[in-house]
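Visitor: Letter by letter, the chains look like this.
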Amino acid sequence: MGWFRLHVCCGFLLLSATLGRAGSPTEAKPLDEVAALADRIDRLVEAGYDANDVTPAPLADDAEFVRRVYLDLAGRIPHVSEVHRFLDENAPNKRRALVEDLLKSPYYVNHFTNVWRALLLPQNNDQQVRFFAAQMENWLRPQILENKPYDRMVRDLLTTSLGNSGMAMRPRNPANNGAAIFYQVNESKPENVAAATSRLFLGIKLECAQCHDHPFASWSRNQFWQFAAFYSGIRPQQPQAGVFSQSLDEPRKREIKIPNTEKTVQARFLDGTNPKWEEGASSRAVLADWLTSPKNPYFAKAIANRLWGHFFGIGIIEPVDDLGENNPPSHPELLDALGQAMADHRFDLRFLIRAITASRTYQRGSRSTDPSQDDPRLFARMSLKGLTPEQIFDSLAVATGYRGTPVAPGNFNRFNGVRADFLTKFSNGSDKRTEYQTSILQALSLMNGKFIADATSVERSETLAALVDAPFLNDRQRLDALYLAALGRPMRDREVSRILPYLDRGGPSGDKSRALADVFWALLNSSEFIFNH
Amino acid sequence: MKLPRLSRRDWLRLTAAGVTGYSMSGWLETLAADVAQHPTRKRSCILLWMTGGPSQMDTFDLKPGHANGGPFKEIRTSSPDLRISEHLPQLAKFGDRMAVVRSMSTKEGEHGRATFLLRTGYQPTGPIQYPSLGSLVAKELGSDDAPLPNFVSIAPARFFNSAAYGPGFLGPQYAPLIVGDNNSFFQNQDGTYEQALKVQDIDLPNGVNRAHAEARIDLLQEMEGDFLADHPGVAPLSHRTAYDRAVKLMRTDANKAFNLHEESPKLRDRYGRNLFGQGCLLARRLVERGVPFIEVSLAGLRENNMFFNWDSHQQNFQAVRKLSEILDPAWGTLMEDLSVRGLLDSTLIVWMGEFGRTPKINGGQGRDHFPNAWSTVLAGGGIKGGQAHGKTSADGTKVETRPTTVSDFLATICLALGIDPLKQNNSNVGRPIRIADKAAQPIKEILL
Numbered sequence: 037m038g039w040f041r042l043h044v045c046c047g048f049l050l051l052s053a054t055l056g057r058a059g060s061p062t063e064a065k066p067l068d069e070v071a072a073l074a075d076r077i078d079r080l081v082e083a084g085y086d087a088n089d090v091t092p093a094p095l096a097d098d099a100e101f102v103r104r105v106y107l108d109l110a111g112r113i114p115h116v117s118e119v120h121r122f123l124d125e126n127a128p129n130k131r132r133a134l135v136e137d138l139l140k141s142p143y144y145v146n147h148f149t150n151v152w153r154a155l156l157l158p159q160n161n162d163q164q165v166r167f168f169a170a171q172m173e174n175w176l177r178p179q180i181l182e183n184k185p186y187d188r189m190v191r192d193l194l195t196t197s198l199g200n201s202g203m204a205m206r207p208r209n210p211a212n213n214g215a216a217i218f219y220q221v222n223e224s225k226p227e228n229v230a231a232a233t234s235r236l237f238l239g240i241k242l243e244c245a246q247c248h249d250h251p252f253a254s255w256s257r258n259q260f261w262q263f264a265a266f267y268s269g270i271r272p273q274q275p276q277a278g279v280f281s282q283s284l285d286e287p288r289k290r291e292i293k294i295p296n297t298e299k300t301v302q303a304r305f306l307d308g309t310n311p312k313w314e315e316g317a318s319s320r321a322v323l324a325d326w327l328t329s330p331k332n333p334y335f336a337k338a339i340a341n342r343l344w345g346h347f348f349g350i351g352i353i354e355p356v357d358d359l360g361e362n363n364p365p366s367h368p369e370l371l372d373a374l375g376q377a378m379a380d381h382r383f384d385l386r387f388l389i390r391a392i393t394a395s396r397t398y399q400r401g402s403r404s405t406d407p408s409q410d411d412p413r414l415f416a417r418m419s420l421k422g423l424t425p426e427q428i429f430d431s432l433a434v435a436t437g438y439r440g441t442p443v444a445p446g447n448f449n450r451f452n453g454v455r456a457d458f459l460t461k462f463s464n465g466s467d468k469r470t471e472y473q474t475s476i477l478q479a480l481s482l483m484n485g486k487f488i489a490d491a492t493s494v495e496r497s498e499t500l501a502a503l504v505d506a507p508f509l510n511d512r513q514r515l516d517a518l519y520l521a522a523l524g525r526p527m528r529d530r531e532v533s534r535i536l537p538y539l540d541r542g543g544p545s546g547d548k549s550r551a552l553a554d555v556f557w558a559l560l561n562s563s564e565f566i567f568n569h
Numbered sequence: 015m016k017l018p019r020l021s022r023r024d025w026l027r028l029t030a031a032g033v034t035g036y037s038m039s040g041w042l043e044t045l046a047a048d049v050a051q052h053p054t055r056k057r058s059c060i061l062l063w064m065t066g067g068p069s070q071m072d073t074f075d076l077k078p079g080h081a082n083g084g085p086f087k088e089i090r091t092s093s094p095d096l097r098i099s100e101h102l103p104q105l106a107k108f109g110d111r112m113a114v115v116r117s118m119s120t121k122e123g124e125h126g127r128a129t130f131l132l133r134t135g136y137q138p139t140g141p142i143q144y145p146s147l148g149s150l151v152a153k154e155l156g157s158d159d160a161p162l163p164n165f166v167s168i169a170p171a172r173f174f175n176s177a178a179y180g181p182g183f184l185g186p187q188y189a190p191l192i193v194g195d196n197n198s199f200f201q202n203q204d205g206t207y208e209q210a211l212k213v214q215d216i217d218l219p220n221g222v223n224r225a226h227a228e229a230r231i232d233l234l235q236e237m238e239g240d241f242l243a244d245h246p247g248v249a250p251l252s253h254r255t256a257y258d259r260a261v262k263l264m265r266t267d268a269n270k271a272f273n274l275h276e277e278s279p280k281l282r283d284r285y286g287r288n289l290f291g292q293g294c295l296l297a298r299r300l301v302e303r304g305v306p307f308i309e310v311s312l313a314g315l316r317e318n319n320m321f322f323n324w325d326s327h328q329q330n331f332q333a334v335r336k337l338s339e340i341l342d343p344a345w346g347t348l349m350e351d352l353s354v355r356g357l358l359d360s361t362l363i364v365w366m367g368e369f370g371r372t373p374k375i376n377g378g379q380g381r382d383h384f385p386n387a388w389s390t391v392l393a394g395g396g397i398k399g400g401q402a403h404g405k406t407s408a409d410g411t412k413v414e415t416r417p418t419t420v421s422d423f424l425a426t427i428c429l430a431l432g433i434d435p436l437k438q439n440n441s442n443v444g445r446p447i448r449i450a451d452k453a454a455q456p457i458k459e460i461l462l
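Taken in sequence, the protein lines are chains A and B. The first sequence begins at 37 in this note's numbering and counts up by one. The second sequence begins at 15 in this note's numbering and counts up by one.
Calculated from the structure, these hints are not laboratory results. Keep in mind the model is a prediction, meaning the values are calculated, not measured. C-beta atoms are modelled at their ideal positions from N, C-alpha and C, and glycine is treated no differently. Incorrect hints may have been included.
In silico lysine-lysine, DSBU-like type, Cα no more than 35 angstroms apart, as pairs [said to hold, decoys possible]:
hint, chain 1, residue 1, chain 2, residue 2
1, B, K405, B, K107
2, A, K299, B, K452
3, A, K548, B, K270
4, B, K121, A, K293
5, B, K107, A, K486
6, A, K299, B, K270
7, B, K270, A, K225
8, A, K548, B, K212
9, B, K107, B, K374
10, A, K486, B, K212
11, B, K374, B, K437
12, B, K412, B, K212
13, A, K293, B, K280
14, B, K270, A, K486
15, B, K121, A, K289
16, B, K121, A, K225
17, B, K412, A, K293
18, A, K331, A, K293
19, A, K299, B, K121
20, A, K225, B, K77
21, B, K437, A, K225
22, A, K548, B, K262
23, B, K412, A, K225
24, B, K262, B, K280
25, A, K312, A, K184
26, A, K130, A, K225
Simulated restraints, written as ranges between beta carbons of each label pair [said to hold, decoys possible]:
hint, chain 1, residue 1, chain 2, residue 2, range
27, B, E317, A, E182, 52 to 60 angstroms
28, A, R79, B, L218, 51 to 59 angstroms
29, B, E350, A, D490, 40 to 48 angstroms
30, B, F321, A, G453, 48 to 56 angstroms
31, B, H80, A, F280, 30 to 38 angstroms
32, B, F321, A, A317, 48 to 56 angstroms
33, B, L218, A, D406, 36 to 44 angstroms
34, B, P85, A, D490, 50 to 58 angstroms
35, B, D258, A, P178, 40 to 48 angstroms
36, A, N510, B, Q235, 46 to 54 angstroms
37, A, D406, B, D232, 26 to 34 angstroms
Generate coordinates for the entire structure from the input sequences, incorporating the hints supplied.
Guide: This is how it looks when you write it as structure tokens:
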């Protein structure tokens, strides 16, 4: 009997076992501030309901909430035992307590490391992304683990020392500096690093202004190159090696020539102010001071909007990295409030996560109960969010009890094997989680592929074997167990009347255990499994 | 002002004669609009993608007698105006249906970036996820209800840049159905292609029969009903659509397209019993079934523990000869087969790689990366064959006439297929992107 079998037993069978678990009593003061911000969020969003004559969806029940918050924070669905533990808990603050627990878990660190890695590495060439992913993650992981203030994390990235990052070919070399990868993947070109900096950390897309004055927004080509001038000292050590070359820096260079012109411009901030240069100051450090300052409204709003987008699938400004004046926020006051809260709380990302997840707005059900809820920008019900490839695989692993060979995080070779193949097949070009699209090969893989076939085979699946063998379960309880494993909820009554007869007659083969496998197969292929809702 | 309704041919004639006062871009806009209004012009496209960058000097732009020329001889084709390599004899019979573009001049000389540029029409910059040509064509010419996917990629070797093979911001519904995914440069010449050319995961898993599979799908559909009704929106609908298409592919005869055993052994022999040859045969079967875009990749081959590939930095001539011996029977037979079936006029065939190779032969009898002056080929539907467009210098190092950019070339492909190259799609960065850059000047001389 494998560990999963035990796990299953604990989860499915000890239904009454309530584990006495302390809440998080130590953080009384921050919790109040959390509640205050959550309340502010709700009041501002609810003002939008009134203005648009919206009847919001009721709050999600505990089962819906626990699955959602695990996917958003831990990057996977909860184990059955974790669902039970939460459902059986009676504490009035249990939703917030769960968030606290998850924020302390290694799953949160892994998931947010994946999320930030995907942001910092361009997706245009995933061969290269694969190559650099491990290094980038090695740099990110401790930042997430320590909950390093976001402004400091960005400052470290923007000011990291270059030119001594060791051999890029050896990702596990401790001398390696994962932050330097940010410059490498941007080809050690000032204009590329500048565009990425602006888009990622200010929510300003300057790319178009690189070649011409922006047709819609107010950024001129001059402004773009003035901004890029802060990175003018960046160059590749071996230009012909592309992203595989180390980046070098001349820290005190502050001017750049605009290509195909005779014009040279000096470094200047995007708000039009001129830096005050101190003797010997590094250009990147001066830029980082301005960029990460609590007084920079773009910086705080950009991260607030990005986090909001993470939890709702759609930003207050959407796309989340386009805060230009031609793209107004759905709730301007809310965005201001969240940006201010970030600045006031020293860019503590977990604080904002606590407040968002504590809000009624986040905790609304995803089921449509009124057509007025259908505009996702009103946040009147939770939008469906497509899962990242990692979320799908890790959730399938939880549901089916898959035990892959564990691979150390950061190991380059983790890109081989079952998980890697799966991630490749499920990588998705679009980062719009609310408009997630499935491909035919993905569907075929989930229907007929070996991974699901094994997981839903009576002979090979431990989850199924455990259920079939348990003599003290009746059919309804067996089905409930499968629903819990896959969807994190028991069956609904209206489902029982449809699914139970299928099991009763043993499906087309007249074999009950195979019919049970069929139900599991259908659950794992369902929209309810493949989306976060 | 309302523009007069002239046919495309009229416009070509008028602009060629300098009668109209329209600028090139005005000409393109008018022509594009005109083309888009003719549903009968809709064609299929087969892209023969030569991973690694094939040598133009040893295939379609020979320089016999020059030191850069190398040992290969030129042969006559069925057109008096076109000569090609002696190692492409079967293809030479269709010279009158082929236009060689000898003046490709592009900006990327590194595999990954060049692959992206040639396959999407744009340089990889920042966060914009440009779609592959196949996805763009699938969106324009494909049908949502067709039993087969609208973009099939056969034996792609995507390691240089896999994003260049994807649907980018168009989304997974325009992703290619990939068969024979090839992660190495080299295809084996053994029988593994039989298995490789089947759709992955299309067969039911062991122990699940047809009736059983249908019962499971019914069960799934029943479960989906409630959830979809409760959660209206784009994403769950896309999930549902992908499943519908996958199930359709599993259930219907459509999947038979991938059964090459329906072809006569003799015909299969003629295409060549290898992944590329059989891939071309599969492409013809898919064209017959109305698939608008199919690509077949040829990267390299392995024979008696020797490796040959288009990225011929060493021993170029040996490699190009070996690869020509794979390419020629496959492509030549494809031309003939399409022609016999009356499909050649409605099927555009494109031959290209990510760049060409240096005219100067290096110390290892090889040729290196060269984007400055190289060749691509358009053949079949929509193409005025029997000609070479543009000219390189005697030593092959420079384009002398009609330099052709990637945008020019892709816009030409679009027009040959009846697609408006100026059509805009919404990108992931919220700004509309044209199929081909607005500056594109399609090669009107080779369009029918």
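Visitor: Do the alpha carbons of K107(B) and K374(B) lie within 35 angstroms of each other, as the hint requires?
Guide: At roughly 30 angstroms apart (the allowed maximum being 35 angstroms), K374(B) and K107(B) satisfy the hint.
Visitor: Mind checking the alpha carbons of K437(B) and K225(A) for me, to see if they're no more than 35 angstroms apart?
Guide: Holds, at roughly 31 angstroms.
Visitor: Return holds or violated for the Cβ distance of N510(A) and Q235(B) against the range 46 to 54 angstroms.
Guide: violated, 26 angstroms
Visitor: Taking the Cβ atom of F321(B) and the Cβ atom of A317(A), is their distance within the range 48 to 56 angstroms?
Guide: Taking Cβ atoms as reference, F321(B) and A317(A) lie about 54 angstroms apart, which means the hint holds.
Visitor: Lying within 48 to 56 angstroms: is that true of the beta-carbon distance F321(B) to G453(A)?
Guide: violated, 26 angstroms
Visitor: If you check the beta carbons of H80(B) and F280(A), does the distance land in 30 to 38 angstroms?
Guide: holds, 36 angstroms
Visitor: Indicate whether the distance between the beta carbons of L218(B) and D406(A) respects the range 36 to 44 angstroms.
Guide: holds, 42 angstroms
Visitor: For D406(A) and D232(B), compare the CB-CB distance with the range 26 to 34 angstroms and indicate the outcome.
Guide: Given a distance of about 31 angstroms, which is inside 26 to 34 angstroms, the answer is holds.
Visitor: K548(A) and K270(B) were given as a pair; does the straight-line alpha-carbon distance stay at or below 35 angstroms?
Guide: holds, 34 angstroms
Visitor: Can you confirm whether the C-alpha distance between K331(A) and K293(A) stays at or below 35 angstroms?
Guide: Measuring from Cα to Cα gives roughly 30 angstroms; hence the hint holds.
Visitor: Under the criterion that the straight-line Cα-Cα distance not exceed 35 angstroms, is the pair K548(A), K262(B) satisfied?
Guide: holds, 28 angstroms
Visitor: Against the 35 angstroms threshold, does the CA-CA distance of K130(A) and K225(A) hold or violate the hint?
Guide: Measuring from Cα to Cα gives roughly 49 angstroms; hence the hint is violated.
The structure is inconsistent with the numbered hints 5, 6, 7, 11, 12, 13, 20, 26, 30 and 36, although it conforms to all the rest.
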